[in-house]
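Protein chains: 2
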Amino acid sequence: MSNKVRIAIDAMGGENAPKKILDGIEISLKTNKENFFYLYGQENILKRELSIRKKINDFCEIINCNDIIADDESPLSAAKKGKETSMWKAIESQNEKACDISLSAGNTGALLLISKLILKTIEGISKPALAGLWPNKNNMNVVLDLGANIECSEKNLIDFACMGSALFKSLFENDSPKVALLNIGLEENKGNDILKKTYAILKSNKLKNLNFCGYIEGNRIMSGDVDVIITDGFTGNIALKTAEGTANFIKEGLKKSLNRLSILLSFNELRKFRSKLDPRKYNGAIFLGLQSPVVKSHGSTDPVGFAHSIEVCHKIVKAKLIKKIESNLITVDPLDKQ
Amino acid sequence: MSNKVRIAIDAMGGENAPKKILDGIEISLKTNKENFFYLYGQENILKRELSIRKKINDFCEIINCNDIIADDESPLSAAKKGKETSMWKAIESQNEKACDISLSAGNTGALLLISKLILKTIEGISKPALAGLWPNKNNMNVVLDLGANIECSEKNLIDFACMGSALFKSLFENDSPKVALLNIGLEENKGNDILKKTYAILKSNKLKNLNFCGYIEGNRIMSGDVDVIITDGFTGNIALKTAEGTANFIKEGLKKSLNRLSILLSFNELRKFRSKLDPRKYNGAIFLGLQSPVVKSHGSTDPVGFAHSIEVCHKIVKAKLIKKIESNLITVDPLDKQ
Chain A
12 MSNKVRIAID
22 AMGGENAPKK
32 ILDGIEISLK
42 TNKENFFYLY
52 GQENILKREL
62 SIRKKINDFC
72 EIINCNDIIA
82 DDESPLSAAK
92 KGKETSMWKA
102 IESQNEKACD
112 ISLSAGNTGA
122 LLLISKLILK
132 TIEGISKPAL
142 AGLWPNKNNM
152 NVVLDLGANI
162 ECSEKNLIDF
172 ACMGSALFKS
182 LFENDSPKVA
192 LLNIGLEENK
202 GNDILKKTYA
212 ILKSNKLKNL
222 NFCGYIEGNR
232 IMSGDVDVII
242 TDGFTGNIAL
252 KTAEGTANFI
262 KEGLKKSLNR
272 LSILLSFNEL
282 RKFRSKLDPR
292 KYNGAIFLGL
302 QSPVVKSHGS
312 TDPVGFAHSI
322 EVCHKIVKAK
332 LIKKIESNLI
342 TVDPLDKQ
Chain B
12 MSNKVRIAID
22 AMGGENAPKK
32 ILDGIEISLK
42 TNKENFFYLY
52 GQENILKREL
62 SIRKKINDFC
72 EIINCNDIIA
82 DDESPLSAAK
92 KGKETSMWKA
102 IESQNEKACD
112 ISLSAGNTGA
122 LLLISKLILK
132 TIEGISKPAL
142 AGLWPNKNNM
152 NVVLDLGANI
162 ECSEKNLIDF
172 ACMGSALFKS
182 LFENDSPKVA
192 LLNIGLEENK
202 GNDILKKTYA
212 ILKSNKLKNL
222 NFCGYIEGNR
232 IMSGDVDVII
242 TDGFTGNIAL
252 KTAEGTANFI
262 KEGLKKSLNR
272 LSILLSFNEL
282 RKFRSKLDPR
292 KYNGAIFLGL
302 QSPVVKSHGS
312 TDPVGFAHSI
322 EVCHKIVKAK
332 LIKKIESNLI
342 TVDPLDKQ
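Protein sequences, first through last, are from chains A and B. By the numbering used here, the letter at position 221 of the first sequence is numbered 232, and the numbering carries on one by one without gaps. By the numbering used here, the letter at position 46 of the second sequence is numbered 57, and the numbering carries on one by one without gaps.
No lab work stands behind these hints, which were simulated from the structure alone. Quantities reported herein were computed from a predicted structural model and do not represent experimental measurements. Hints should not be assumed to be uniformly reliable.
The list treats identical chains as one, so a pair stands whether inside a single copy or across any two.
[Stated by the list, open to error] Only pairs whose alpha carbons sit at most 30 Å apart, straight line, appear in this in silico DSSO-like list of lysine-lysine:
| no. | residue 1 | residue 2 |
| --- | --- | --- |
| 1 | K30 | K94 |
| 2 | K94 | K201 |
| 3 | K207 | K92 |
| 4 | K148 | K292 |
| 5 | K131 | K217 |
| 6 | K189 | K326 |
All chains, please: the whole structure from these sequences, using the hints.
The structure is reproduced here in structure tokens:
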């Protein structure tokens with residue numbers, strides 16, 4: 012087991028937990044047996060679920076937890092009741108080095124707050140960010156922050172650029188991902204003061220490990236021009252949800268106007284495109300900036316989506332993401348050396 | 012002519028001007044003869060174009076202008092060279108009451124700056140905003156600000172709510188459009204301080220003419236739940252462009268994966284949906300907050316899109332939009348009476 016990635020799983024978080032979680036593990040084990048799962052949750056329920064999935068028993072260990080954080084609980088109330096919950100205990104096991112990474116499909120706000128409370132931030136990073144994957148013409152982007160930090164300074168945005176770049180390197184084979192700042196125009200004088208300051212620092216080329224390409228507008232997020240897109244959590248959240256809403260609007264409109272869409276869906280090429288857009292593939296937001304990585308699976312995803320999140324966890328640990336972030340940051344402190 | 016809407020047109024602005032402009036006027040006159048067009052631009056060119064469109068001659072008058080504002084000119088340099096340009100002269104004619112509204116497909120930044128320089132703002136409004144139309148499941152939304160004001164105070168956002176509501180009433184038959192604030196969650200404590208303050212004022216129900224429905228998230232912009240969506244110009248611009256980019260990504264992906272899409276497009280129902288999404292219908296951003304209305308047509312739209320902008324101009328004047336905005340604002344000054 013020494014080479015396996017040890018994943019602490021909050022087995023009680025999200026819709027249809029823990030059934031979905033265990034089905035997701037089963038799917039994941041079909042293609043990758045290099046993970047070991049610590050299941051945090053109610054022992055009797057988890058035992059019963061494991062007993063009907065014999066194939067995965069050798070890859071799992073149950074750690075009993077008496078409490079659960081509800082999906083609609085406020086982060087603060089969740090953190091207060093925290094210590095006996097499956098989410099808290101899973102994250103806590105990272106501090107004790109009992110695992111390499113945590114994965115939860117539970118309450119996002121609670122997960123973010125509990126992660127911050129338990130795990131320290133990487134030296135030099137003041138605000139952890141929520142990064143996500145976004146489809147584009149070539150492959151996928153990393154976009155951050157998607158909602159953890161409503162207001163960000165230039166220092167935060169530069170940290171996000173370093174962390175996002177390290178994440179992209181970890182997930183995809185690319186040594187020099189292109190990084191851009193989300194803005195409302197491409198000219199240097201566009202945007203608010205924080206964006207202009209961030210642009211000036213990144214453009215000065217003092218960050219040797221960073222391939223900064225300037226500004227990007229919202230209509231080019233999916234064009235594949237760049238790999239990592241940096242923004243504050245308010246703007247990132249609006250952009251992400253607007254894109255989701257637009258995609259749903261078009262999908263539902265097409266379905267409604269064309270009963271025969273089902274015939275179309277059998278065309279191989281269209282199936283490929285549908286698969287590219289499959290939201291389960293983009294499932295798994297990553298909390299960046301903590302000394303140990305935490306991955307959030309979408310609460311409503313299905314077992315296939317959860318299996319994708321497991322794969323993200325595996326890649327992050329194998330690629331030594333945290334070390335990559337640290338070395339990106341250590342290279343230069345942009346604010347001191349301006 | 013006394014009942015006709017008098018539209019001052021910057022006939023030299025945008026791609027393929029003035030040909031596109033005159034073709035657009037011709038299309039518009041097929042369904043609506045209740046407009047008269049003052050064409051600002053180079054007389055010799057406009058005369059030649061009019062000579063090959065005999066049908067529209069009785070509805071147009073040329074006013075010669077020796078200069079043109081280029082599409083890539085900075086707003087400041089445009090405003091400096093301004094006074095002899097077709098854009099400047101068209102807007103100036105509003106001040107002299109020679110027309111009811113201006114329409115240009117030219118440089119947006121220049122149009123905004125020149126409009127602000129020449130036309131006064133409505134009493135009580137400090138920042139004019141750029142409003143646009145956005146398709147939704149039921150019909151269309153009005154969304155503002157789409158990029159005129161990067162940073163907005165609660166006073167600005169409340170003005171936008173009043174103005175957007177008045178615009179919706181003018182364009183569609185609806186006495187009580189639903190107004191919502193764009194945010195990253197629905198709970199009262201979500202978002203930044205300015206949003207929270209704006210929410211509190213709007214929620215206090217002191218604005219009798221305003222049907223405020225709380226927050227809306229990006230994924231519901233197109234759901235048809237509300238009619239008017241309020242945001243600052245930075246966020247609005249990012250959301251608009253992200254939606255455009257997402258729609259293009261899906262459209263291109265579908266085309267590429269399905270050569271036989273052309274067959275599909277002949278299906279009546281799909282044609283209806285395509286027509287609903289046709290960007291030419293949403294062409295025409297409206298500058299709100301000035302004492303006289305200015306409409307911006309997309310620079311790259313075609314004659315059909317330009318004709319849609321003409322129709323927007325017609326409706327705005329016929330519905331007495333400016334009076335509607337003034338009476339909305341006069342009802343109560345929300346910041347004084349808190």
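**Study point:** Hint numbers contradicted by this structure
**Key:** none
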